[in-house]
Amino acid sequence: MDTDTKIEEMQKLLRSIDYKMDELMSQLDNIENLLDERFDELLTRSQGSKNAE
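Last residue of the sequence shown: number 56 in my numbering, and the count goes up by one each step with no gaps.
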């Protein structure tokens with residue numbers, strides 16, 4: 004295998020890794036948003052029950 008072919012394969016692999024990292028970061032952002040929403044719901048519910056006491 005010549006050097007150019009190896010370089011091309013490495014570039015393809017790096018692009019693939021970059022794409023997968025972008026997907027992972029997007030999924031982590033979604034998880035963070037869902038956790039923030041859930042935390043806000045629980046906080047609101049907790050404050051509501053404290054006010055009722």
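Because the hints were derived from the structure by calculation, they are not lab data. These numbers come from a predicted model, not from an experiment. Check the hints yourself; a few may be wrong.
Ranges of calculated distance between the beta carbons of each label pair, as one might list FRET restraints [stated by the list, open to error]:
1. Asp32 x Asn54: 30 to 36 Å
2. Asp39 x Met13: 34 to 40 Å
3. Gln14 x Gln50: 50 to 56 Å
4. Lys15 x Lys53: 36 to 42 Å
5. Asn54 x Arg18: 33 to 39 Å
6. Arg41 x Lys15: 38 to 44 Å
7. Thr6 x Asp43: 52 to 58 Å
8. Leu46 x Ser19: 38 to 44 Å
9. Gly51 x Ser19: 32 to 38 Å
10. Thr8 x Met28: 29 to 35 Å
11. Arg48 x Met24: 54 to 60 Å
12. Ser52 x Asp21: 43 to 49 Å
Even for Gly, the Cβ is constructed at its ideal location relative to N, Cα and C.
Results of checking the hints against the structure:
no., hint, verdict
1, Asp32 x Asn54: 30 to 36 Å, "33 Å, holds"
2, Asp39 x Met13: 34 to 40 Å, "38 Å, holds"
3, Gln14 x Gln50: 50 to 56 Å, "53 Å, holds"
4, Lys15 x Lys53: 36 to 42 Å, "57 Å, violated"
5, Asn54 x Arg18: 33 to 39 Å, "54 Å, violated"
6, Arg41 x Lys15: 38 to 44 Å, "39 Å, holds"
7, Thr6 x Asp43: 52 to 58 Å, "55 Å, holds"
8, Leu46 x Ser19: 38 to 44 Å, "41 Å, holds"
9, Gly51 x Ser19: 32 to 38 Å, "48 Å, violated"
10, Thr8 x Met28: 29 to 35 Å, "31 Å, holds"
11, Arg48 x Met24: 54 to 60 Å, "36 Å, violated"
12, Ser52 x Asp21: 43 to 49 Å, "47 Å, holds"
The structure is inconsistent with the numbered hints 4, 5, 9 and 11, although it conforms to all the rest.
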